[in-house]
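**Student:** Just so you know, the sequences run in chain order Y and U.
For the first sequence, the residue numbers in the working numbering are 1 to 188.
For the second sequence, the residue numbers in the working numbering are 1 to 501.
These aren't lab readings, by the way, just hints derived from the structure by calculation.
Even glycine gets a Cβ: it sits at the ideal position worked out from N, Cα and C.
There's no promise every hint is true.
Using C-beta positions, here's what the derived DEER-type ranges look like [unchecked claim]:
no.	chain 1	residue 1	chain 2	residue 2	range
1	U	L241	Y	K137	22 to 32 Å
2	U	T226	Y	D158	44 to 54 Å
3	U	P214	Y	E138	24 to 34 Å
With a Cα cut of at most 25 Å, we get these calculated DMTMM-like pairs of lysine to aspartate or glutamate [claimed, not checked]:
no.	chain 1	residue 1	chain 2	residue 2
4	U	K104	U	E256
5	Y	K17	Y	E138
6	Y	K159	U	E60
7	Y	K133	Y	E100
8	Y	K133	U	D123
9	Y	K123	U	E256
10	Y	K182	Y	E94
11	U	K231	Y	E100
12	Y	K123	U	D234
Pulled from the structure, derived: some chain U residues nowhere near chain Y, Cβ distances all over 10 Å [to be verified]:
no.	residue
13	V10
14	S58
15	S101
16	D123
17	G236
18	Y262
19	E277
20	M389
21	V403
22	R440
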Amino acid sequence: MSSISSHHDAKPKHDLKIALHAIVCHESKLRGDITIGAHTIVHPRATIIAEAGPIIIGESNIIEEQAHIINRLPPGADPSSQIVMEIGNGNVFEVDCLFESTKMGDQNVLEVKSHVGREVEIKSGCIIGAACKLTGKEVLPENTVVYGRNCARRIAMDKPPIQTLQIEFLTKTLVNYHHLKKPRSANS
Amino acid sequence: MAYLVRNDIVQYACTCGQLRPISFLYFCRHCLKLRCGFCVCHEVESHYCSNCLEILPSAEARLKKNRCQACFDCPNCLNTLAVRGTTVSVRDPDDPGKVNSQKKYYHACFFCRWTTRDVGLPDQAVQTVSANGWAQKNTSNVQRITVLLEHAKLLGMLERHEREQREKKFTARFRRNFTHLPGLTAAHVRKRAGLPPELPAPSTIKVNLAEFQPAVAKETVPELPTDIFTKELDIGTVTTLTQRFAQPETQPDSIEGLLPSYKHLSTKQSQRCRECEHNVSKPELNPASIKFKIQQAAYFYVPEVRIVTLEPLIGGKPSEVVIVFINPSQHPTTLSFITLQEAEEEIKQHQTEGTTDTAVQQGEAPLSLSSLTKPVTVVEEPRPIDISMTGEVQLPAADVEIVLPPKDDAAEYDDSGEIQQFHDDPKIVIHRRANKASLRFTVVPKTDIAGENCVIGFAFRYTYVNRISTPAIATSEQKPQKVQLCTRIFMNCGKILEGTQ
Chain Y
1 MSSISSHHDA KPKHDLKIAL HAIVCHESKL RGDITIGAHT IVHPRATIIA
51 EAGPIIIGES NIIEEQAHII NRLPPGADPS SQIVMEIGNG NVFEVDCLFE
101 STKMGDQNVL EVKSHVGREV EIKSGCIIGA ACKLTGKEVL PENTVVYGRN
151 CARRIAMDKP PIQTLQIEFL TKTLVNYHHL KKPRSANS
Chain U
1 MAYLVRNDIV QYACTCGQLR PISFLYFCRH CLKLRCGFCV CHEVESHYCS
51 NCLEILPSAE ARLKKNRCQA CFDCPNCLNT LAVRGTTVSV RDPDDPGKVN
101 SQKKYYHACF FCRWTTRDVG LPDQAVQTVS ANGWAQKNTS NVQRITVLLE
151 HAKLLGMLER HEREQREKKF TARFRRNFTH LPGLTAAHVR KRAGLPPELP
201 APSTIKVNLA EFQPAVAKET VPELPTDIFT KELDIGTVTT LTQRFAQPET
251 QPDSIEGLLP SYKHLSTKQS QRCRECEHNV SKPELNPASI KFKIQQAAYF
301 YVPEVRIVTL EPLIGGKPSE VVIVFINPSQ HPTTLSFITL QEAEEEIKQH
351 QTEGTTDTAV QQGEAPLSLS SLTKPVTVVE EPRPIDISMT GEVQLPAADV
401 EIVLPPKDDA AEYDDSGEIQ QFHDDPKIVI HRRANKASLR FTVVPKTDIA
451 GENCVIGFAF RYTYVNRIST PAIATSEQKP QKVQLCTRIF MNCGKILEGT
501 Q
C-alpha cells in the first residue's frame, strides 16, 4: 500500500513528518499533511486522513489497528479552508475507534469501536468507553468517563495511566515483524 | 442459532396455552407434553457466586443475604469490581529518613473506571478485601429492622394459632391417625403431614408482642441546606435511581456515598414437570460447568418449524409459503397436518381420557402415608390461546403423511447425496435433505387489513418414540412405544400488502 496518496494532487507529496523514535508501520494508511510526534506508535492498518487540513499528533500516543483518525471537511465548507487537528500526548486509540474531532488533550483513551464526532472537543484524561458515540457539539471536561450502552458519564478522580510499558514493548516488537516508515523531519 | 429459534415468528402452543418459540419450551418425556417456563416448578439447586464460582449451601446463602462475601459489585455501574495492586512508598516510622515500599490493594471497575479511591476508601493490605475493612456507614437501621421482622413473625404466629384453633376439629383426627406408628413424634407427624412446626403457646406470644415498641413520629426533621435553592446543581454528582436501589441501606444521593456492595449470588435451577414431578431440566452442580444432567428441551424432541420463503402476502390472494420441518430426534417421525379446531378437539378428548385414568388409579391405590404426604398435583385448565388469525392456511389432506428420517450428526459431512425413497407428492414436498423436508403451503391473508401482520395457525401430528419404560409398559412389552402427538403452531408471516387492484 502506498504511504502517501497520489490522488491528492493539490497537496505536496512529502508532507508526512515522523519524529525520531516514533514507530509508524508501513501498512498504515496515512493521507495528507500529518505530523507524528516522538514515541508514538501507529499500528499496521491504522488510518489517518488529513482531508480538511493538517493533523498534528503529539508524543507517546498509541494508535491501534483499524483506528480511524480523520480530519474531515464539514459538509458545505469551503474546500480551500484549512482546519488543523491537534492531538496531545499519551493518548490511546483502541481498535476500530473513529476520531473526527479537531482537538484532543493528553492521556485520553478511546476504547474499542468508540466514535468521537467532529464538534466534540476532548480535554485531558477522558475515557470514551467501548462503542460509545459522541456526535453532538460539546467540550468534554477533564477526566470524563463515558461508559455503557446509554453513554453514561462520570468524572474520574485520576487520569488513566500513560502506557509507557506498552509503548516500550511495542517499540521493541513491532520492528521485528513490520516494515516501518522512516522518520523524516518537516524540512527534508 | 439464537437468531433462528429465539424469535417470535414461529410459536408453539404449550400445553398450558402459552405461546412460546421452541427454544423456550421443555418436553416432558414422561407425560409426553410440552411445558413452558410457566407450567414447570422451578427449584433452586445451588447458590454460587458468578465471579469466584464458589458454591454456598442454601442455608449459608440465606444467612449471608444471598451475597458473596469475597466479591463486590461496582456501585456506579453494577458490574463486578476487580482487585488491583499498587506499591505505595511509606515512610518508616522508626527511621524517618528511610522509605519502605508496601503492596496495597484497592478495587476498580474495568468498565466505568470507578475505584474505591474515588470515594476515599483506604487501600487494603491484603488481597482478599472484606467490606469489614471499609467502615460500614449508616447501619443504625439494622437493629430496628430485626425488631420489626421479629414482630411480624410473632403476629403471623398468633394468626396461625387462631386459625388452627378454628380448624382443630378437622385436623385433630388426622394427627391422631399416625401417632400409633412407632418412632413418630408429634413434630414428625406435623412435618410429614405438611403442617408447620408446633407453635409456642399464645400466651407467650402475647407477652413477646407487648414488648414491642411502635415507631414514634418525630416533629423535628433535619433542615434543608440553606443553599439548596441557590446552589447550581451538578448533575454529575447526583446518583441515579438504579445506583440508589442497589444500596437500599444507605440510598446515597451523592456519588460520594457510593460504597461497593457484596456481589449477588446466582442460582442454578432445575425445572420439574408439575404433573408427573419428573425433572425436565437439571443442571450439573458445579458452577463452572454449563452442562446438564437432564435436559429435555423441546428442541431435542419436537420437530422444528421454520419459514424458508414467502411470496408477497396480498389480502384475499393465495400466496405460497415454504416451510421446513426438521426432525431433531434419533427416530424417524411421520408428520400429518390437521386444522386447529381438530387439534383442539383431540386435546380435549385426550384430557377427559387422562382424568378418568388418574381417577381410577387413585381409587385403586391403597391410602398410604406416602400418598398423603405427597402434595396433590394441581392440573390447571389450559387457557385459551389469545391470538387472532389474520390468514387462512390450506393444509395438505389429513391422510398425507410426510416421513422425516432421524437426525444424523454425520449427515452434514456426507456428500454422497444418498437419495432416499419417500414417495412424496412433489406438489407438497419440494425439497428434502437429511432430516429436513421443505413443504409448500398456501396462505390466504384476510382482506382489508393491509399493513397488519399475517398470523396463521395449524397443527401437526408427529410420531414420537417413547423409550422410557414405565413399570406398566415393562410388563406388557419391552419394545419402545410409538405414540402420536399433536402440536399447535402459530406463525407470523409478516406484513400483509395492499392489493394492487
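**Student:** When you check the alpha-carbon spacing of K133 (chain Y) and E100 (chain Y), does it fall within 25 Å?
**Tutor:** This hinted pair holds, its Cα atoms lying about 12 Å apart.
**Student:** Determine whether the non-interface label on Y262 (chain U) survives the test: each CB of chain Y must be over 10 Å from its CB.
**Tutor:** holds (22 Å)
**Student:** Does the Cβ-Cβ separation between L241 (chain U) and K137 (chain Y) fall within 22 to 32 Å?
**Tutor:** Holds, at about 29 Å.
**Student:** When you look at the beta carbon of V403 (chain U), is every beta carbon of chain Y farther off than 10 Å?
**Tutor:** V403 (chain U) is indeed farther than 10 Å from all Cβ atoms of chain Y, at 48 Å.
**Student:** Take a quick look at whether K182 (chain Y) and E94 (chain Y) sit within 25 Å of each other, Cα to Cα.
**Tutor:** holds (24 Å)
**Student:** Decide if the proposed pair is consistent with the structure: K123 (chain Y) and E256 (chain U), CA atoms, cutoff 25 Å inclusive.
**Tutor:** holds (24 Å)
**Student:** Classify the label on G236 (chain U) as holds or violated, using whether its beta-carbon is more than 10 Å from each beta-carbon of chain Y.
**Tutor:** violated (6 Å)
**Student:** Does S101 (chain U) sit more than 10 Å from chain Y, CB to CB?
**Tutor:** S101 (chain U) clear of chain Y: closest Cβ-Cβ about 18 Å, beyond 10 Å.
**Student:** Is the Cα-Cα distance between K159 (chain Y) and E60 (chain U) 25 Å or less?
**Tutor:** Violated - the C-alpha atoms of E60 (chain U) and K159 (chain Y) are around 41 Å apart, more than 25 Å.
**Student:** Given the proposed pairing of K17 (chain Y) with E138 (chain Y), does the C-alpha separation stay at or below 25 Å?
**Tutor:** Violated - the C-alpha atoms of E138 (chain Y) and K17 (chain Y) are around 30 Å apart, more than 25 Å.
**Student:** Take a quick look at R440 (chain U) and tell me if its Cβ sits farther than 10 Å from every Cβ on chain Y, holds or violated.
**Tutor:** holds (43 Å)
**Student:** Next pair to validate is K104 (chain U) with E256 (chain U); report whether the Cα-Cα distance is within 25 Å.
**Tutor:** holds (22 Å)
In summary, the structure is inconsistent with hints 2, 3, 5, 6, 8, 11, 17 from the numbered list given earlier, while agreeing with the others.
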